[in-house]
Structures are given as C-alpha cells and as structure tokens.
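**Student:** Protein sequence lines, in the order shown, are assigned to chains A and B. If you read the first sequence in the UniProt record's numbering, its first letter stands for residue 1, the second for the next number, and so on. If you read the second sequence in the UniProt record's numbering, its first letter stands for residue 1, the second for the next number, and so on.
If you are wondering where the hints come from, they were derived from the structure by calculation, not from laboratory data. Any given hint could turn out to be false.
Claimed, not checked - Computed list of lysine to aspartate or glutamate pairs in EDC-like fashion (alpha-carbon distance at most 16 Å, straight line): (1) A:Lys315 x B:Asp42; (2) A:Lys74 x B:Asp264; (3) B:Lys49 x A:Glu73; (4) B:Lys191 x B:Asp161.
Model, not experiment: these values are computed from the prediction.
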Amino acid sequence: MTFMVRASRNGARTGVFTVGSSPLPIETPSLLLSTRKGLPFFTPPDLLLSLNNHNNSHLLQISPLHFAGCPSEKTISDIGGVHELLGLQDCSFIGVARDSIVCLPHSEGTNKFGASFETPSGRLLVKPRDYMEIISSLKPNLWTSLADEVPSWVTEKRNRSSVDRTIRWLDDCIALDPAGGSSILGAIVGGSSIDERRRSAHEAAARNVAGYWIGGFGLGESLDERPSLLNAVTDNLPVEKPRQICGLGLPEEVLQGVAAGVDLFDSTYIYHLTMGGFALTFALDTEENYAHSSVLGYAGDDHTKINLRATIYRKDLSPIIDNCDCYTCQNHTRAYINHLLNVHEMLAQILLEIHNTHHYLGFFRMIREAIKRDEFESFQKSFLEGRRSYLVAHAGC
Amino acid sequence: MPVGTQGTIKGLTNSQLEDIGCQIILGNTYHLALRPGADLIDELGGLHKFMNWPRALLTDSGGFQMVSLLHLADITEKGVTFQSPVDGSPMLLTPEESILIQNKIGADIIMALDDVVKTTITGPRIEEAMYRTLRWVDRCIAAHQKPYEQNLFGIVQGGLDPVLRDICVKGLVDRNLPGYAIGGLAGGEDKDSFWRVVAQCTAALPEDKPRYVMGVGYPLDIVVCSALGADMYDCVYPTRTARFGTALVPEGLLKLKHSVMADDTRPIDPTCYCMVCKNYTRAYIHSLVTKDAMGSQLLSYHNLSYMMRLSRDLHTSIIQEQFPEFVCRFLSSQFPKGDVPEWVCNAMEVAGIDISACCAPFSSGQE
Ligand SMILES: [Zn+2]
Ligand SMILES: [Zn+2]
Numbered sequence: 001m002t003f004m005v006r007a008s009r010n011g012a013r014t015g016v017f018t019v020g021s022s023p024l025p026i027e028t029p030s031l032l033l034s035t036r037k038g039l040p041f042f043t044p045p046d047l048l049l050s051l052n053n054h055n056n057s058h059l060l061q062i063s064p065l066h067f068a069g070c071p072s073e074k075t076i077s078d079i080g081g082v083h084e085l086l087g088l089q090d091c092s093f094i095g096v097a098r099d100s101i102v103c104l105p106h107s108e109g110t111n112k113f114g115a116s117f118e119t120p121s122g123r124l125l126v127k128p129r130d131y132m133e134i135i136s137s138l139k140p141n142l143w144t145s146l147a148d149e150v151p152s153w154v155t156e157k158r159n160r161s162s163v164d165r166t167i168r169w170l171d172d173c174i175a176l177d178p179a180g181g182s183s184i185l186g187a188i189v190g191g192s193s194i195d196e197r198r199r200s201a202h203e204a205a206a207r208n209v210a211g212y213w214i215g216g217f218g219l220g221e222s223l224d225e226r227p228s229l230l231n232a233v234t235d236n237l238p239v240e241k242p243r244q245i246c247g248l249g250l251p252e253e254v255l256q257g258v259a260a261g262v263d264l265f266d267s268t269y270i271y272h273l274t275m276g277g278f279a280l281t282f283a284l285d286t287e288e289n290y291a292h293s294s295v296l297g298y299a300g301d302d303h304t305k306i307n308l309r310a311t312i313y314r315k316d317l318s319p320i321i322d323n324c325d326c327y328t329c330q331n332h333t334r335a336y337i338n339h340l341l342n343v344h345e346m347l348a349q350i351l352l353e354i355h356n357t358h359h360y361l362g363f364f365r366m367i368r369e370a371i372k373r374d375e376f377e378s379f380q381k382s383f384l385e386g387r388r389s390y391l392v393a394h395a396g397c
Numbered sequence: 001m002p003v004g005t006q007g008t009i010k011g012l013t014n015s016q017l018e019d020i021g022c023q024i025i026l027g028n029t030y031h032l033a034l035r036p037g038a039d040l041i042d043e044l045g046g047l048h049k050f051m052n053w054p055r056a057l058l059t060d061s062g063g064f065q066m067v068s069l070l071h072l073a074d075i076t077e078k079g080v081t082f083q084s085p086v087d088g089s090p091m092l093l094t095p096e097e098s099i100l101i102q103n104k105i106g107a108d109i110i111m112a113l114d115d116v117v118k119t120t121i122t123g124p125r126i127e128e129a130m131y132r133t134l135r136w137v138d139r140c141i142a143a144h145q146k147p148y149e150q151n152l153f154g155i156v157q158g159g160l161d162p163v164l165r166d167i168c169v170k171g172l173v174d175r176n177l178p179g180y181a182i183g184g185l186a187g188g189e190d191k192d193s194f195w196r197v198v199a200q201c202t203a204a205l206p207e208d209k210p211r212y213v214m215g216v217g218y219p220l221d222i223v224v225c226s227a228l229g230a231d232m233y234d235c236v237y238p239t240r241t242a243r244f245g246t247a248l249v250p251e252g253l254l255k256l257k258h259s260v261m262a263d264d265t266r267p268i269d270p271t272c273y274c275m276v277c278k279n280y281t282r283a284y285i286h287s288l289v290t291k292d293a294m295g296s297q298l299l300s301y302h303n304l305s306y307m308m309r310l311s312r313d314l315h316t317s318i319i320q321e322q323f324p325e326f327v328c329r330f331l332s333s334q335f336p337k338g339d340v341p342e343w344v345c346n347a348m349e350v351a352g353i354d355i356s357a358c359c360a361p362f363s364s365g366q367e
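Model the full structure from these sequences, guided by the hints.
**Tutor:** Printed below as a string of structure tokens:
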C-alpha cells in the first residue's frame, strides 16, 4: 500500500492511495462500498465494475463477521481469499469487523477477552485470535484492528477501559499478524471524551501500522460536538498515513469528516436510501461551474433526494437525473422504478443502489476537486446552506 | 422464455438478460393490468418502452392467472368473472377485454383468452371448454386492433381427450393464426398423457407456424417436447427454484442450501461459462442462498443461463443434424444409470429419436 497527500487545506486533504493489485490509484477522500459478504447488497458484480468507471468503484469494505464460519476459514483459504471468493481480483478490500447495518458493536457484551457484536447469526464474542484467523483466511488488502466501541453515554470509566482494550487488541493483532502490522489500520476509539480520543489516537500513532480506523462515531454524540472530537483524533495522527472512519454517512457528516482530515468513508447511507426508495438528486456540478451555482437541486422530496415511491413519479418518463451516466439513468425511467417499488420487485433496489452509489461517488469527486482548488470551506458552507434553507422553508408546513 | 410477471425478471437487469442470450420474455397480463395498469403502460408507450426491453415480449391472456390465483373465478359464456383483488367487487374479463388490455400493453405476441380447466377434470366440462375456446378465439380475432403489429396465438384445449384436441387444433388451423399454443397441460396430468397430447397437436399443426407449449419449462420436458416438434416454452421454474436455493445443472438439480455445499470449492456447474460459474464457488453461493438478496440474484442468473444454453444447444444440434446425439448426451447426464423414465422412452420412440444408447442396460459400456 502507498498513500500520498497531494493537497491539504485547513485540515481537509486530498491524496492518492494505491493498494493491492488494483490497476488504478484511488483518490481520496473516497467512498468505500459497503457490502454483505463482500458483494454490494444489490448491485450485481458484472455491473459493479461499470459503476462510475472514472471513479473509485473498486474499493470495497468487507466485514469478516458476516461469514461466521460459513464458508469456513479453511474453505476461504482454499479458494484463495476474498478476491478469489468474490471474483473481484481487481478490487481492493478493507476488512472491518463491524458494518453499521447488521453487524453492530454490542458494548455490554464486550469484555476484556474480546469484542461483542450483534450479527445476523446472533451475538458473537470475537477475541483477537479468532479475528486474526478470519483475517488471515480472507486476506483483505487492508484491515482494521479489533475495537471496543462504546456509545457516547457510557461512564468515563467504561470509556477509558474501551480505549485501553482497543490499544491492547491492536498490539495483539500486530503480534499475531505474520506481516507485523503492515496492512493494519489501527483502531481508535474514545467516545465523547476529547482526552480519551486524543490518548487513543496518540497510542495508535505510536504503533507501526499502515493507517488508522476511527471508530465510535455515530453512536449518540451530537453533531455539534463532533468536529472537536474528530480534530482531537486527526491532530494526533501522522499526516502521511490514511484515515478511515466508521459511522459518518450523511453528506453533512461526510463533510465534517473531510474537514477534519479523514480520507475514507463507508457507504451505509446508500443502503438506507435504497431501502427507503430514495434516489439522490442533488446537483453534481462540473469543475467549471460549481463555484457559481448553488447546490440547490432538483424539485423533489427534500432537496437532495427524491422518494420514487411517491405517486407523482407514476408517469414520469425522465431518468432520475437527466444527464446522469449511470446504468439506471441510461436505461430506466422514474415511472418504471416507481412501478418496481410498488410491486416489491428486487430490480428496484438494484437500480436505486446503482444510481445512488454512482451519485455518491460523484459527491466525493466534487469534494476532492474543491479541496484541490482550495475551496473546500466554501463548498461545505454552500452545501450546508442549501440543505438548511430547504429545511427552513419546509419547516412551517 | 423467462417469465417476467410484473415487467421484470426477478433479480436480473436487462443487460444481464441480454448477456445470457435471452431473446423473448413473458409478461403476465393479469399482474400488469393490476399494477401499473394497461392504460398507464399504453400512455407511456407500451411495455417495451416502459421496461426498456428492445427484444421480443409475449403476454398471456390473463385468464389462467385468474383461475389459478383467485378461488372465486367463475367462467361463463361472457368471460371469466372474478372478484377484484383491490376492492372485492365482481369483475368480468371477456375475450374482447383481454385483447384490448394486451393491445395496450403492446407485446409482440399476445394470447387468445381460453376457457381453462384442470387437466385432471374429465367429462362434459372439458368439451364445453374446448368449444368455448374456439368461440372465444373468434371474438379475440374480431377484437384485435393491431393484427399487423401484434401476433395473436390461439390456444389448443381439449384436456386429455384426443378427439377434442383434434377438433380444437383443426378449428384453430382453419383460422390461420400467426402461431399456436398447446394449453391445458403441466397441471398435474401424468407424463404419458402429457407428451401424447403434445405429439398429437404438433403433428396436426402447420409446419411454418411456431408452437408454444404453455407452462412447460422443466429441462427434461423441454427436450422431450422439442423432439416432438414444439418450439417455445415458458416457466417460472428457473427463477423460482433459484430463490429457494436450487441450481439447474446437467445432472439435474443441485441444492445449494445443503450443508455439503459449505466447503465445496467447485463452481455450480463446471461446464457452465456463465458469469456466476466463472467467478463463484458453491461454498460462497451456499453462504448467500435464502439469506441475502445476492444469493437469489446469482442463482437466477445461472439458472436462466442454463435454460438459454439448453435452448441454444437444442437449436444448434437440430441444425447440425446432431439432435439424437444431443438428446442422448442430455439423458445420460440426467440419468447416468440409464434409468430414463418410461414416458421419455415412449415419447422418443414416437419422435423417431433412438435413445437406446443411453438407456439401461446398454449404457453401462458407454461410461
Ligand atoms: Zn443515475
Ligand atoms: Zn453457470
């Protein structure tokens, strides 16, 4: 793995990331596609690679806990690891224990021996040694160490112990890794405590790891306290290594993370949009005109997205977005997707996931361009203002 | 023809259907008329445009779906009376109405409304249904507004009675329709009765018109019916069985839910070149089936690829005059012990296909 920061302005930064056998460098800030057992939830693998072809569709997140012994670690090893298992030799995978959708940390069950998770196959207590066995059979390009993530409302004492355990498990993972940690993203926790966040980051930074994984966000902390917590982490990390975060999904949240210097985000937001029948529609402006037009988007349900279940789309023969070059918009109308949603056909989710992923990848491209032009702050501001003015305008009705 | 009941083949994109070589798909008039509605489809430019499917489409008449899905359907000379699934009020589907709806949906092939009776029923009801089907086909022809764009197929009825089938085939052939379907089968009748009806109908139907055996789609049935001279089939089986975790393979069925699949690192079918078999192991598919959406997507893709390949292979083997050899290879994969069912042997004898090479006891020396 190589990582290089190309431009950095007031915390926000853009860089280039090469990992595994991926033929293309991945530009950051970047979206990691969330998966179920390594494949997108609905997008079939043959269409995955055509998604936003000039963009980072080849970076995926995999949760080793999804497998829970099926296929067994030996079978996964025999097949040759995650790339062979999924037939995606040119994609890069980052292994993360939790996934924010069906595999969530269960802090009450976590103890000094291992981290507890709620998973589709029940509650699992995962010890560093178990985790390393799955990781060594899956062989993802990068993977995070095991973390004890706690919600923001736990006691100071519990929060401190979560940092202690997360540091200890990072050492365990490094010790158990035949490669000595060269592919590990060291986990950082610390809940809503600035001091604990700082301590956790500082300890991870002292280890020989490839990069960092910031956990424990999106677990009850307020939107307002988040920037200082994020900065407490990133200020204590070396600039030359990549930083991934879990739990920030909404565009506003991604922008908060980017502002603090986070490089990699997961796509659980797309999953929730897709399941709700939503399609992203906010304007993705080109390099030339973005600064002049506001981010005011298409007429629709909340200014950044539309709900295709709504009856107004019954006869709408336009694509989700007129000039979108995704498979869905190139081939299908809003009326057809509205019908598919009405009759509960899976193709609705396939088409929505394809469009939303494509569109969100475009959002990340806008972010990168803004940073390169040293205009990230105004970009973030105009995006948020566009959202806020919509919310204000519609608050009265 | 894969079945796309509601204007989509469950879990597959159009580009995937094109990739696996699918040329025609079937839409169900009953479902499409309910949602999104025939008027809406018409207003939006027809089903081809609505679902963006440039290749061929066929719609059924809607009658079969009503009789099989709605317990309270009642058939009279006027048409099929049924309770509206929306508000429970009585509704009537006449032959005219069925054609009007299918004209609006705009498929390339549309089906006449027939009087559907269970094949296992006997007695005067069969005769009544057959004659009524002939009377209704005239009403369908008269109601058809786009005869130059849409091809109306008539449906041969008559149960398992050769005399009634004969009257019906002759009646339909006299009406010189663009194609003919053999209906009223695949409803639980015994296999020997089934193939005999197909054989009788194909023998009496004109050579230059397509023959469609309705509701038939098991691989073995398709091979047998093709030997008897049938051309088209439909079946929800490949996609339905995929959702329950079963794959179609040359040997028959492969149950991917079974625990022995958990550590099987082979593809579903090592002789299959589909996207799924090229990339995925049985072990991985096992971990997905019946749990994750992707499981039924990948398995449906393979199963339809299998059916498309079977159809292509049947077609090519006939053109290359290798059909008997193909049938023998197919049967020896499905029945490696040579225990080919008697009805298949009987049908093949009538079709003039020598399958002695793959039937016990001669097969043992062949392996
Ligand atoms: Zn699109
Ligand atoms: Zn296959």
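**Student:** Please work out if B:Lys191 and B:Asp161 have their alpha carbons no farther apart than 16 Å.
**Tutor:** Holds, at about 15 Å.
**Student:** Taking 16 Å as the top limit, are the C-alpha atoms of A:Lys74 and B:Asp264 close enough?
**Tutor:** holds (11 Å)
**Student:** Within 16 Å, alpha carbon to alpha carbon, are A:Lys315 and B:Asp42?
**Tutor:** At roughly 11 Å apart (the allowed maximum being 16 Å), B:Asp42 and A:Lys315 satisfy the hint.
**Student:** Just to be careful, I want the Cα atoms of B:Lys49 and A:Glu73 compared with a cutoff of 16 Å; is the pair within it?
**Tutor:** violated (47 Å)
Figure legend: structure checked against the earlier numbered hints; the only hint not met is number 3.
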